[in-house]
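Chemist: Here's the letter readout for the chains.
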Amino acid sequence: MEKRFVYADNAATTPMSETAFNAMKPWLTENYGNPSSLYRIGRAAKEALNDARTVVGKCLNAAEPVNEKNDYAPGEIVFTGGGSQADNLAIRGFMHGPSSKGRKHIITSKIEHHAVLYTCEALEKEGYRVTYLNVDKEGRVDLEQLKAELSEDTALVSVMAANNEIGTIQPIKQIAELAHSVGAKFHTDAVQAVGHMHIDVQEMGIDMLSLSGHKFRGPRGTGVLYVKKGITLEPLVYGGGQERGLVSGTENTAGCIGLAAAMKETVEGLDEKMGYVKKLTDKLVKGIMENIPYSHYTGDPVNRLPGTASFVFEAIEGEGLILRLDNAGVCGSTGSACSTGSLDPSHVLMAIGLPHEIAHGSLRLTLGEQNTEEDVDYIIETVTDVVKTLRSMSPVWEN
Amino acid sequence: MEKRFVYADNAATTPMSETAFNAMKPWLTENYGNPSSLYRIGRAAKEALNDARTVVGKCLNAAEPVNEKNDYAPGEIVFTGGGSQADNLAIRGFMHGPSSKGRKHIITSKIEHHAVLYTCEALEKEGYRVTYLNVDKEGRVDLEQLKAELSEDTALVSVMAANNEIGTIQPIKQIAELAHSVGAKFHTDAVQAVGHMHIDVQEMGIDMLSLSGHKFRGPRGTGVLYVKKGITLEPLVYGGGQERGLVSGTENTAGCIGLAAAMKETVEGLDEKMGYVKKLTDKLVKGIMENIPYSHYTGDPVNRLPGTASFVFEAIEGEGLILRLDNAGVCGSTGSACSTGSLDPSHVLMAIGLPHEIAHGSLRLTLGEQNTEEDVDYIIETVTDVVKTLRSMSPVWEN
Amino acid sequence: MQYSEKVLDHFTHPRNVGEIEDANGVGEVGNAKCGDIMKIYLKVSDDGIIEDVKFKTFGCGAAIATSSMATEMVKGKSLEEALKLTNKAVAEALDGLPPVKMHCSVLAEEALRSAISDYYKRLGKDPAEILGCDADCETCHKAD
Ligand SMILES: Cc1ncc(COP(=O)(O)O)c(C=O)c1O
Ligand SMILES: Cc1ncc(COP(=O)(O)O)c(C=O)c1O
Ligand code: FES
Ligand code: FES
Chain A
1 MEKRFVYADN AATTPMSETA FNAMKPWLTE NYGNPSSLYR IGRAAKEALN DARTVVGKCL
61 NAAEPVNEKN DYAPGEIVFT GGGSQADNLA IRGFMHGPSS KGRKHIITSK IEHHAVLYTC
121 EALEKEGYRV TYLNVDKEGR VDLEQLKAEL SEDTALVSVM AANNEIGTIQ PIKQIAELAH
181 SVGAKFHTDA VQAVGHMHID VQEMGIDMLS LSGHKFRGPR GTGVLYVKKG ITLEPLVYGG
241 GQERGLVSGT ENTAGCIGLA AAMKETVEGL DEKMGYVKKL TDKLVKGIME NIPYSHYTGD
301 PVNRLPGTAS FVFEAIEGEG LILRLDNAGV CGSTGSACST GSLDPSHVLM AIGLPHEIAH
361 GSLRLTLGEQ NTEEDVDYII ETVTDVVKTL RSMSPVWEN
Chain B
1 MEKRFVYADN AATTPMSETA FNAMKPWLTE NYGNPSSLYR IGRAAKEALN DARTVVGKCL
61 NAAEPVNEKN DYAPGEIVFT GGGSQADNLA IRGFMHGPSS KGRKHIITSK IEHHAVLYTC
121 EALEKEGYRV TYLNVDKEGR VDLEQLKAEL SEDTALVSVM AANNEIGTIQ PIKQIAELAH
181 SVGAKFHTDA VQAVGHMHID VQEMGIDMLS LSGHKFRGPR GTGVLYVKKG ITLEPLVYGG
241 GQERGLVSGT ENTAGCIGLA AAMKETVEGL DEKMGYVKKL TDKLVKGIME NIPYSHYTGD
301 PVNRLPGTAS FVFEAIEGEG LILRLDNAGV CGSTGSACST GSLDPSHVLM AIGLPHEIAH
361 GSLRLTLGEQ NTEEDVDYII ETVTDVVKTL RSMSPVWEN
Chain C
1 MQYSEKVLDH FTHPRNVGEI EDANGVGEVG NAKCGDIMKI YLKVSDDGII EDVKFKTFGC
61 GAAIATSSMA TEMVKGKSLE EALKLTNKAV AEALDGLPPV KMHCSVLAEE ALRSAISDYY
121 KRLGKDPAEI LGCDADCETC HKAD
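Protein chains in written order, with this note's numbering: chain A, 1 to 399; chain B, 1 to 399; chain C, 1 to 144.
These are computed hints drawn from the structure, not numbers from a lab. Even glycine gets a Cβ: it sits at the ideal position worked out from N, Cα and C. One or more of the hints may lead you astray.
[Said to hold, decoys possible] From chain B, some residues computed to sit far from chain A (all C-beta separations above 10 angstroms):
1. E30
2. N134
3. D142
4. K286
5. L325
6. D344
7. T384
[As the list claims (entries may be wrong)] Taking lysine-lysine and the DSS-like style, the derived pairs with C-alpha atoms no more than 27 angstroms apart in a straight line are:
8. B:K388 to C:K33
9. B:K173 to B:K137
10. B:K110 to B:K173
11. B:K137 to C:K33
12. B:K3 to A:K46
13. A:K388 to A:K283
14. B:K228 to A:K25
15. C:K84 to C:K121
16. A:K125 to B:K125
17. B:K125 to A:K104
18. A:K58 to A:K173
19. B:K25 to A:K264
20. C:K6 to B:K3
21. B:K110 to B:K228
22. A:K125 to B:K104
23. B:K229 to A:K125
Chain A with its partners taken away, still in its complex shape:
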């Protein structure tokens, strides 16, 4: 097959869409008013920012706006500098703020993103108690354990909507209900979910939700924390009082507008687009599993993000795999420890019970609507070749 360039790492970041870029451009250049300024060009920026808020609110089915022109249910949509900032604000801000009502217990899962895990660990040092739920082999959180751990001291349950490494989708509606049954609030890190599955904060009982612009073809350095009306957080950034005082700093108007434009675009016709992506992914998974012996599919085969295909290959190491795939024009990622210089492979692969030596050979390929059948054929062929080559060099490989 002819060499091609295939970007199959859409869970890491996505190419910005033309729609998003075009929406941003005027706000990067001619429309430079500061939204806090009193004069016309400032007010225009403020209005555009609130329009962006409204778009995001609608995509999540947040509460109705209080009035046509102004904030979308004032404060429900809080712009941040990315998904990590949203996660930090949600968890630290909630536990330190009045809405936690003195409760000191957090429940989360073992396979959360580090933005959630490390925030929780920092809170543990301050004296909060954190339960990290186990997950099964396919990455689904243990609901029985959740039920057993919930108590009147539980302030917050934070479980991601979908996992970034293996794509497993969690039963968040059920988790939210359980959390609410003891009076706790529910936060979900939906950074990987937005644009890949339907989200309805009201229907799903979500109290807080994090998302990140660049994961759905919006700009880098932009994110949103949805905060249900009535919840009061401690600020992440103190200062001039922007974003309801939660994330002070002159607003990145262009970024917020780009995020909203990308979100609207991504949510439109989602079913159809995801149907297409899922078909590609299924083909990819089938091809790889058939071609490559001693390979294992990771994640939940049914409840998973349509674009995520993740594997482990025995007897090889992930970093080398990524670098060789790159030479062949394919961009993917790995949870191998070697890729980060740490000792342990990805905490997610550990949590689903993979032995160290196998977890090292992990590969995550994440497809988007830009990908084609030809891309998939090319990936299958390339991965097969590369795995074969690496195995032929591996002392632990016996034919």
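Given chain A, work out where chains B and C with the ligands should sit, using these hints.
Modeler: For chains B and C with the ligands alone, coordinates are given in the frame of chain A:
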């Protein structure tokens, strides 16, 4: 005079420069690799990000890079989502981190930006002790008070390089020396200073310095905290470990590159550009003071930012002034309480000793290199007219 | 904070600005420390109709716009009708005010009541009997 549009609020934000936009553009569109990714397009992003770091480091005269291709004195340049984030990280991160060595006292000034003041107030609630230094009528901090307050318990002195409302420049080198004399570290909020005066972190004895991209014609939502080697902070945002673990989150490559490009451009030929801006500002101040009776110049007439002209006019209120100037095409700002819906006028105008009723009539005009002599003539004429009209409507004005 | 087009119009082209030389009712409320003072001049006819009204205001855009709108709304009306004018009605007539600016509209209502009170006082009547108070208490001189 013919109506024109004059943007004279460069301290609020600046129009992005073409250089910055052009530098960013490819990183918004075609070069979308995540800097943490192992493959080529990821590594290219990482490299570009570190080049941006190097540019910023050079502009501040940070320590020499450890090697040619990599981080500028690893970690000295930390990218943040803006000036407020840099201030929060510097102060909260330092006090909570190991470098404060258990000392519990902070010294700052009464005229800092709210990003500093409110962070300090939050720390007070946690049990830290904060001294807010007085300033004189021209806005210079009281060095005698500083000397008297410094003790072995003082961990950090944070005084802004130049004030955003009245433009007064502080003797930061002297302040840094005093801080060091008791073993405290020195942070300066240089958000308004960068691009308007020379900054040399080594020569000035600065341990930490905050800056914000959009104040010198770079992009919104980008900033930097310079952190001198050897200082360890607690993170502002926990997560994937980006920016030395201090501000986790997928890097806003385009934004950082835009900031660096704007910074380089702004620092080149600074003397000449600032000479030009100062001439304009002097003319503006002279014209307004001569034309308008019962007007007062605020700030230090000598040690001030070259582009800042700030005034108070008796018997009128600032919000109305700004709105009418806007109608005439002139963008400026005010510290009036009415402009923000708060009860008190700007804390800076209070700190320099202005009575409430006079502080309400404040006007800040901040010029940049884009402004011309004609702009200045037009501003003088317009402000004179508007002040006259508003006074004619004011019950407290007697001819 | 966003002003409606109407607020901006009344702020930019305020109606009835100035003083009335031979006013027979003058009221002033607010204080400069809070950043707003409003003074209203009334020319009331013998049969109790507001023939002319003018104002002077030291205050924000909303303060000036509400002064302008309030004077428009009472011009040609009887004192009884004028006394029924509420700050809410003034704000509504301006297509609303930002929440943080509602207190500025109170000022217009109070200044008007104060001027009407002054008119009655000049006639030797006790305004408290008609207004329910003499429109000169501490509440009337507070910014919000
Ligand atoms: C002195 C000073 N510090 C901090 C900031 C905050 O910067 P940013 O709005 O980029 O967060 C500003 C500007 O708003 C400022 O003028
Ligand atoms: C599940 C999840 N949460 C949070 C994040 C953090 O988002 P960002 O990098 O935009 O801060 C990511 C992506 O990196 C993610 O995949
Ligand atoms: S007069 Fe001060 S807010 Fe209206
Ligand atoms: S309400 Fe004003 S005097 Fe009573």
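Chemist: The structure should be examined with respect to each hint, and the outcome stated for every one.
Modeler: Structure-based check of each hint:
Some Cβ of chain A comes within 10 angstroms of the Cβ of E30 of chain B; the nearest lies about 8 angstroms off, and the non-interface call is violated. Every Cβ of chain A is farther than 10 angstroms from the Cβ of N134 of chain B; the closest lies at roughly 22 angstroms, confirming the non-interface assignment. For D142 of chain B, the non-interface assignment is confirmed: its Cβ lies about 24 angstroms from the closest Cβ of chain A, beyond the 10 angstroms cut-off. Here K286 of chain B stays apart from chain A, with its beta-carbon at least about 25 angstroms from theirs, past the 10 angstroms limit.
Look at L325 of chain B: its CB is around 7 angstroms from the nearest CB on chain A, not clear of 10 angstroms, so calling it non-interface is violated. The claim that D344 of chain B is not at the interface with chain A holds, since no C-beta of that chain comes within 10 angstroms of its own (minimum 14 angstroms). The claim that T384 of chain B lies off the interface holds: its Cβ sits roughly 18 angstroms from the closest Cβ of chain A, which is beyond the 10 angstroms cut-off. A distance of roughly 21 angstroms separates the Cα atoms of K388 of chain B and K33 of chain C; the hinted pair therefore holds under the 27 angstroms criterion.
Of the pairs offered as hints, the one joining K173 of chain B and K137 of chain B holds, with about 21 angstroms between alpha carbons and a cut-off of 27 angstroms not exceeded. Between K110 of chain B and K173 of chain B, the direct Cα distance comes to roughly 19 angstroms. Compliance with the 27 angstroms bound is thereby established for this hinted pair. For the hint pairing K137 of chain B with K33 of chain C, the CA-to-CA distance comes to about 20 angstroms; that is within 27 angstroms, so the pair holds. Proposed proximity of K3 of chain B and K46 of chain A is supported: the alpha carbons are some 25 angstroms apart, at most 27 angstroms.
Between K388 of chain A and K283 of chain A the alpha-carbon distance is near 20 angstroms, which keeps this suggested pair within the 27 angstroms criterion. A distance of roughly 36 angstroms separates the Cα atoms of K228 of chain B and K25 of chain A; the hinted pair therefore is violated under the 27 angstroms criterion. Restraint check: the Cα-Cα separation between K84 of chain C and K121 of chain C comes to about 19 angstroms, which is no more than 27 angstroms; the hinted pair holds. Distance hint between K125 of chain A and K125 of chain B is fulfilled; the C-alpha atoms sit about 19 angstroms from each other, no more than 27 angstroms.
Pair hint K125 of chain B plus K104 of chain A holds up; C-alpha atoms about 19 angstroms apart against a cutoff of 27 angstroms. Restraint check: the Cα-Cα separation between K58 of chain A and K173 of chain A comes to about 19 angstroms, which is no more than 27 angstroms; the hinted pair holds. Restraint check: the Cα-Cα separation between K25 of chain B and K264 of chain A comes to about 22 angstroms, which is no more than 27 angstroms; the hinted pair holds. Using a Cα cut-off of 27 angstroms, the hinted pair K6 of chain C and K3 of chain B holds, with the two alpha carbons roughly 23 angstroms apart.
Using a Cα cut-off of 27 angstroms, the hinted pair K110 of chain B and K228 of chain B holds, with the two alpha carbons roughly 25 angstroms apart. Using a Cα cut-off of 27 angstroms, the hinted pair K125 of chain A and K104 of chain B holds, with the two alpha carbons roughly 19 angstroms apart. For the hint pairing K229 of chain B with K125 of chain A, the CA-to-CA distance comes to about 26 angstroms; that is within 27 angstroms, so the pair holds.
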